[in-house]
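Each chain, written out:
There are 2 protein chains.
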Amino acid sequence: MSQHTQALTEFLASLHYEQLPEAVISRTEDLFLDWLGSALASQGSHPIPLFERYAAMMGPVSGPATILVSGKTSSAYFAALVNGASSHLVEQDDLHNSSVLHPATVVFPAVLAAAQDLGKSGRELIVAAVAGYEAGIRIGEFLGRSHYRIFHTTATVGTLAAAVGVGKLMDFNQEQFTHLLGTAGTQAAGLWEFLRDAADSKQLHTAKAAADGLLAAYLTAEGLSGAKNILEGEQGMAAGMSSDANPACLSDSLGSRWALIETSFKFHASCRHTHPAADALLEVMQRENLRAEDIARVITRVHQGAIDVLGRVQVPQTVHQAKFSMGTVLGLIAVYGKAGLPEFHQHALTDPRIGAFRDKVSMVLDEHVDGAYPQRWLGRVEVTTVQGRTVSGSIDEPKGDPGNTLSRAELEDKFRRLLAFSGACSDEQATGLVELVWHLRHLDNLDVLTRTAAPAGTAS
Amino acid sequence: MSQHTQALTEFLASLHYEQLPEAVISRTEDLFLDWLGSALASQGSHPIPLFERYAAMMGPVSGPATILVSGKTSSAYFAALVNGASSHLVEQDDLHNSSVLHPATVVFPAVLAAAQDLGKSGRELIVAAVAGYEAGIRIGEFLGRSHYRIFHTTATVGTLAAAVGVGKLMDFNQEQFTHLLGTAGTQAAGLWEFLRDAADSKQLHTAKAAADGLLAAYLTAEGLSGAKNILEGEQGMAAGMSSDANPACLSDSLGSRWALIETSFKFHASCRHTHPAADALLEVMQRENLRAEDIARVITRVHQGAIDVLGRVQVPQTVHQAKFSMGTVLGLIAVYGKAGLPEFHQHALTDPRIGAFRDKVSMVLDEHVDGAYPQRWLGRVEVTTVQGRTVSGSIDEPKGDPGNTLSRAELEDKFRRLLAFSGACSDEQATGLVELVWHLRHLDNLDVLTRTAAPAGTAS
Numbered sequence: 001m002s003q004h005t006q007a008l009t010e011f012l013a014s015l016h017y018e019q020l021p022e023a024v025i026s027r028t029e030d031l032f033l034d035w036l037g038s039a040l041a042s043q044g045s046h047p048i049p050l051f052e053r054y055a056a057m058m059g060p061v062s063g064p065a066t067i068l069v070s071g072k073t074s075s076a077y078f079a080a081l082v083n084g085a086s087s088h089l090v091e092q093d094d095l096h097n098s099s100v101l102h103p104a105t106v107v108f109p110a111v112l113a114a115a116q117d118l119g120k121s122g123r124e125l126i127v128a129a130v131a132g133y134e135a136g137i138r139i140g141e142f143l144g145r146s147h148y149r150i151f152h153t154t155a156t157v158g159t160l161a162a163a164v165g166v167g168k169l170m171d172f173n174q175e176q177f178t179h180l181l182g183t184a185g186t187q188a189a190g191l192w193e194f195l196r197d198a199a200d201s202k203q204l205h206t207a208k209a210a211a212d213g214l215l216a217a218y219l220t221a222e223g224l225s226g227a228k229n230i231l232e233g234e235q236g237m238a239a240g241m242s243s244d245a246n247p248a249c250l251s252d253s254l255g256s257r258w259a260l261i262e263t264s265f266k267f268h269a270s271c272r273h274t275h276p277a278a279d280a281l282l283e284v285m286q287r288e289n290l291r292a293e294d295i296a297r298v299i300t301r302v303h304q305g306a307i308d309v310l311g312r313v314q315v316p317q318t319v320h321q322a323k324f325s326m327g328t329v330l331g332l333i334a335v336y337g338k339a340g341l342p343e344f345h346q347h348a349l350t351d352p353r354i355g356a357f358r359d360k361v362s363m364v365l366d367e368h369v370d371g372a373y374p375q376r377w378l379g380r381v382e383v384t385t386v387q388g389r390t391v392s393g394s395i396d397e398p399k400g401d402p403g404n405t406l407s408r409a410e411l412e413d414k415f416r417r418l419l420a421f422s423g424a425c426s427d428e429q430a431t432g433l434v435e436l437v438w439h440l441r442h443l444d445n446l447d448v449l450t451r452t453a454a455p456a457g458t459a460s
Numbered sequence: 001m002s003q004h005t006q007a008l009t010e011f012l013a014s015l016h017y018e019q020l021p022e023a024v025i026s027r028t029e030d031l032f033l034d035w036l037g038s039a040l041a042s043q044g045s046h047p048i049p050l051f052e053r054y055a056a057m058m059g060p061v062s063g064p065a066t067i068l069v070s071g072k073t074s075s076a077y078f079a080a081l082v083n084g085a086s087s088h089l090v091e092q093d094d095l096h097n098s099s100v101l102h103p104a105t106v107v108f109p110a111v112l113a114a115a116q117d118l119g120k121s122g123r124e125l126i127v128a129a130v131a132g133y134e135a136g137i138r139i140g141e142f143l144g145r146s147h148y149r150i151f152h153t154t155a156t157v158g159t160l161a162a163a164v165g166v167g168k169l170m171d172f173n174q175e176q177f178t179h180l181l182g183t184a185g186t187q188a189a190g191l192w193e194f195l196r197d198a199a200d201s202k203q204l205h206t207a208k209a210a211a212d213g214l215l216a217a218y219l220t221a222e223g224l225s226g227a228k229n230i231l232e233g234e235q236g237m238a239a240g241m242s243s244d245a246n247p248a249c250l251s252d253s254l255g256s257r258w259a260l261i262e263t264s265f266k267f268h269a270s271c272r273h274t275h276p277a278a279d280a281l282l283e284v285m286q287r288e289n290l291r292a293e294d295i296a297r298v299i300t301r302v303h304q305g306a307i308d309v310l311g312r313v314q315v316p317q318t319v320h321q322a323k324f325s326m327g328t329v330l331g332l333i334a335v336y337g338k339a340g341l342p343e344f345h346q347h348a349l350t351d352p353r354i355g356a357f358r359d360k361v362s363m364v365l366d367e368h369v370d371g372a373y374p375q376r377w378l379g380r381v382e383v384t385t386v387q388g389r390t391v392s393g394s395i396d397e398p399k400g401d402p403g404n405t406l407s408r409a410e411l412e413d414k415f416r417r418l419l420a421f422s423g424a425c426s427d428e429q430a431t432g433l434v435e436l437v438w439h440l441r442h443l444d445n446l447d448v449l450t451r452t453a454a455p456a457g458t459a460s
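Taken in order, these protein sequences are the chains called A and B. In terms of the UniProt record's numbering, the first sequence is numbered consecutively and its last residue is 460. In terms of the UniProt record's numbering, the second sequence is numbered consecutively and its last residue is 460.
Treat the hints with care, as some may be off.
Said to hold, decoys possible - Simulated restraints, written as ranges between beta carbons of each label pair:
1. K338(B) <-> G311(A): 57 to 65 Å
2. G223(B) <-> V315(A): 22 to 30 Å
3. P402(B) <-> E222(A): 38 to 46 Å
It is worth saying that the hints were derived from the structure and are not from the lab. All residues carry an ideal CB built from backbone N, CA and C; glycine is no exception.
Produce the entire structure from the sequences given, and follow the hints as far as they go.
Laid out in structure tokens, this is it:
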């Protein structure tokens with residue numbers, strides 16, 4: 001095992017609550033609320049009911065862990081599976097920039113399910129989530145940009161992040177964390193190919209990452225051994241799935257840099273790669289007092305990753321594809337001033353102004369933007385007006401980034417909007433959940449929270 | 001979608017029992033018996049009980065599908081998981097040469113579990129298994145040697161092979177098979193890194209391949225969509241995990257070449273990469289009338305894949321590592337004349353003659369052998385005697401290969417030895433199982449078979 005993997009596993013084994021700065025603890029609560037809203041917002045939306053039916057077919061009739069969208073219970077494995085699928089669906093869950101990892105949608109489903117199963121407290125859940133975020137983000141950074149070109153990092157690295165979170169709940173020692181990484185890493189999978197067809201794999205990826213990570217931890221607890229050098233070994237993850245891996249990332253500033261607080265909240269309900277341009281367009285339209293009909297052409301200057309992920313969709317056929325269409329997102333921004341869930345579901349595919357605006361938008365690779373990525377997601381747009389004037393929009397931190405983050409009031413507002421979107425919970429439930437999550441560190445167990453979240457009319 | 005994936009999915013959708021040559025049907029029965037013996041032989045051996053405990057924790061108390069080593073029942077998912085782990089443990093399951101895929105250990109656990117769940121017949125199970133073998137073998141050939149250098153093909157491709165088998169049981173049409181490949185392919189995972197540490201991942205790999213393949217089929221049946229071009233697409237399996245993929249392999253002689261009957265049975269209880277040299281050593285020792293103590297040095301001339309997989313183990317610490325130690329395997333052949341399960345468990349680690357012989361054995365890359373691989377696994381050894389004479393041993397088809405296959409009597413004998421090794425079943429049960437499997441095509445359902453296999457004293 002290399003010094004870097006060694007250092008990472010030692011850090012994970014020794015991590016404890018008292019060591020966490022207040023900013024890390026409270027941000028974990030923020031991220032948890034944000035995640036919970038994302039999960040509940042998917043109630044009833046395809047393909048989530050398929051996962052619920054699968055869990056009912058293959059799992060026990062009831063169990064210690066809660067499937068959030070239904071309020072039903074199952075074993076920890078199936079709760080992690082369905083909640084993992086749920087929380088990535090509306091594209092509103094968090095993202096860490098430099099790792100290009102969505103940590104919440106893989107870490108929280110696994111640690112919440114395991115915490116319910118094992119009777120752990122809110123405080124223990126927070127430490128577990130921090131472990132999952134810190135490890136997952138560093139492993140994502142380690143695998144680098146070449147990995148992300150083909151592999152969906154949230155699926156692959158997400159399996160390890162989820163595993164680490166559950167391993168921390170189980171108080172693993174350094175040796176167990178080593179086996180755990182081996183067992184999780186050799187299950188890591190998830191390819192971007194599905195994007196071209198708007199297939200349902202994105203939900204499958206996060207479902208499986210959360211569930212397989214949990215499986216890895218439970219089997220490790222039982223005594224299953226794993227490869228000691230799965231990350232850096234000659235036949236390990238980097239060898240098979242990266243050409244620019246940097247081992248030093250694995251142990252980068254452990255215990256002093258808290259990568260969790262670098263995580264961005266999503267403000268727009270679209271693929272994160274569209275956000276810098278969306279905010280830059282908003283900036284220039286407000287500054288120049290432009291309306292959608294004033295605009296003849298928008299050139300977005302982007303990083304390569306945006307072209308890789310967004311380049312495929314020409315004319316979106318589904319709401320999900322619309323979230324990956326740069327022209328559609330900018331059209332919603334231009335016409336409605338925002339690109340939230342209601343705009344996507346009510347207007348993205350049907351309002352002719354959106355389709356017309358979409359055709360005015362193009363992406364070009366910008367060396368400066370690409371060079372800053374993935375540490376910084378710069379927004380640069382060039383807008384040509386119908387009068388022929390060209391003006392530029394620019395933002396250096398999209399809304400939701402650490403330097404431009406959401407306040408607790410903004411997070412509450414987003415949470416309520418997410419719950420209202422699906423109708424999963426009443427206003428009273430939303431209020432109760434916000435209250436509980438802001439006291440997450442004081443909860444003796446998590447069942448009070450899942451009971452409060454249970455959709456009206458369901459048995460918990 | 002390319003013409004090759006299109007042709008493959010059309011073949012799978014239209015495949016039917018009446019189309020199968022008698023040789024394919026009877027060989028499927030042979031392969032099924034061989035697989036069943038391998039699964040039952042692992043009863044009680046680490047790490048199989050860990051998987052059984054995991055299934056008990058996360059699955060239902062009982063269900064339609066049988067966990068072979070315990071005779072307990074569960075849902076199809078957990079039966080596929082545990083049986084997938086079980087059947088690869090003793091390294092006696094079948095192998096297809098040119099794909100370097102072990103089809104039985106991933107296909108049969110999935111199709112047996114699903115057949116029990118869906119109430120399918122032996123005949124339907126045979127067609128499903130043929131579909132899984134034919135697709136899996138071609139996909140393994142498609143991904144090529146570069147894939148196998150880092151990835152455990154039985155894990156990655158195994159996920160698709162298992163999925164196809166279950167999809168066939170569910171009578172999928174061409175469109176469903178397309179979605180199924182997408183959903184299975186994006187879950188494909190499994191790295192060779194574990195070999196260096198003799199970690200338990202090999203069982204995890206086959207367990208997960210069988211179970212994830214089954215999951216893919218059940219979710220596809222529910223309506224989950226998958227990428228249409230997961231094999232050949234720009235961000236698909238070949239793009240991410242191969243550098244020498246050959247799409248023409250996917251549609252190679254569909255319906256006229258039956259790849260299933262090219263599958264080899266394992267005669268020795270070791271990694272298949274040791275078999276050509278083992279048989280070549282046996283050949284020269286018998287021809288030259290040599291005893292172990294006559295031999296000063298053995299040079300095995302091998303293909304690169306053997307060096308990649310076997311090269312790591314120097315002094316084996318476990319029986320499992322011993323099966324991947326060329327020197328240990330040749331030591332058992334030289335001293336005991338065979339390398340079966342009893343030899344591995346009773347002598348491989350403890351008989352000083354084996355350790356001494358191991359140090360006399362080396363591997364060198366042979367261009368001719370490497371050029372023939374993986375279509376042909378040639379055995380070439382150069383033996384130097386203590387008197388200083390050098391003699392060569394050579395075989396072109398290891399025992400168990402299609403041109404040197406095992407008869408039904410030899411398969412029965414191997415089956416009985418496997419069951420006796422673990423004590424899972426009595427002689428009477430073995431006789432009953434052999435009888436049932438030789439009539440597999442006539443069984444209305446598979447429960448009679450799993451009941452007969454249930455270990456004494458267990459409830460089914």
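Fill in: Outcome for the supplied range 38 to 46 Å, where the beta carbon pair is P402(B) and E222(A)
Distance hint for P402(B), E222(A) holds at roughly 39 Å.
Worksheet entry | K338(B) versus G311(A) beta-carbon gap, inside 57 to 65 Å or not | 58 Å, holds
Discussion item. Please check whether G223(B) and V315(A) have a Cβ separation lying inside 22 to 30 Å.
Written reply: Holds - the Cβ-Cβ distance for G223(B) and V315(A), about 24 Å, lies within 22 to 30 Å.
Checked against the numbered hints given earlier, the structure satisfies every one of them.
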